[in-house]
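Taking the UniProt record's numbering, the leading residue of the sequence shown gets 1, the next gets one more, and so forth.
Rather than coming from a laboratory, the hints here were simulated on the basis of the structure.
Just so you know, nobody snuck in bad clues.
In silico DSSO-like pairs for lysine-lysine, Cα to Cα no more than 30 Å straight-line: (1) LYS6 to LYS42; (2) LYS223 to LYS255; (3) LYS221 to LYS232; (4) LYS221 to LYS255; (5) LYS131 to LYS223; (6) LYS12 to LYS131; (7) LYS255 to LYS232; (8) LYS12 to LYS29; (9) LYS6 to LYS21; (10) LYS42 to LYS21; (11) LYS29 to LYS3; (12) LYS255 to LYS131; (13) LYS29 to LYS6; (14) LYS131 to LYS42; (15) LYS3 to LYS21; (16) LYS42 to LYS12; (17) LYS21 to LYS131; (18) LYS255 to LYS291; (19) LYS221 to LYS131; (20) LYS3 to LYS42.
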Amino acid sequence: SLKVSKHFQVLKLLGEGSYGKVMLALHRKRGTPMALKFFPRKSTSLTSFLREYNLSLAYCTHPSLTRALGIFFSTPSYYVFAQQACLYGDLYSVVVSEVGVDEDCVQRVMSQLSGAVTHLHSLGFVHRDIKPENIFLCDRSCRWVKLGDFGLTRAVGTTVRAVWYESPFCTPEVEPEKLEDIWITVQPAIDSWALGVLVYCLLTGCFPWEESTHDDLGYRKYKAWFDRQAEKDEDETGCIQEFEGLSPLVMTLLKELLHPDPRQRGSPEEILSYLGGPWLMETAREEQRRKEEAEKEARSVRERGGVEEELLREGRGER
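Please construct the entire structure, taking both the sequences and the accompanying hints into account.
In structure tokens, the structure reads:
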């Protein structure tokens, strides 16, 4: 047990939640900034504290995972460990309601998270709590983000009591009316679902539905549309209203990540295959317009005798 102020200069509050709070602090001896994560002893078991600390210290070796720094201690009221400080807040703070964030920024963020979550899965762990509030910014432009908060992270195959919370990030295979003493097996598909919801959220500034249950109209409409797509219904055209602004490219990705059946859900690594192309219809239309203009110009050049003839004409001052 130690007095925090003796070893650290606490500068400001970085975040607060059900787990406790995170403070930005300066290590007095080292002079380095770090984040101190405080867990109330009244509501946190030593086992759960050490589980999160050890996982963050030993396994979070990817640059887009928040790593513990090898410092942990207790006070009369808290368990505390130090971790890398992300000084620019969380992803939630930069998402403009009903607008989202810049498309290039979305792809930068998802590229990093794809690598981070794939790395975590390769080590045999599932995060289970991916959401904007748990993604932290190392710069203002989201060129470097880190996934953090490993309180719910468990090993693949672990059996845990099903937990439901009203959120679009909660998977549809866990419905509230089925939760009476239900136990589930932790699988990577849980994280894939959350990444799909996150893509939608970042592109639109909205959530596709309030909760992933058949009682939710938004999810029910998506599920009905998804089923029609799966059956290749000849009469099915376009997409449901909530997805109209998204390009066919990203809709293909979302159908992979937001597959209602966890056994058929895509992996986080698949996100990488969709980077670089347009994710918004507006961008797709602009790219198509430029492509058509380029093709029109190419046809015009060919009709005038090809590139060599065109260069000769330019040299003679002809058009």
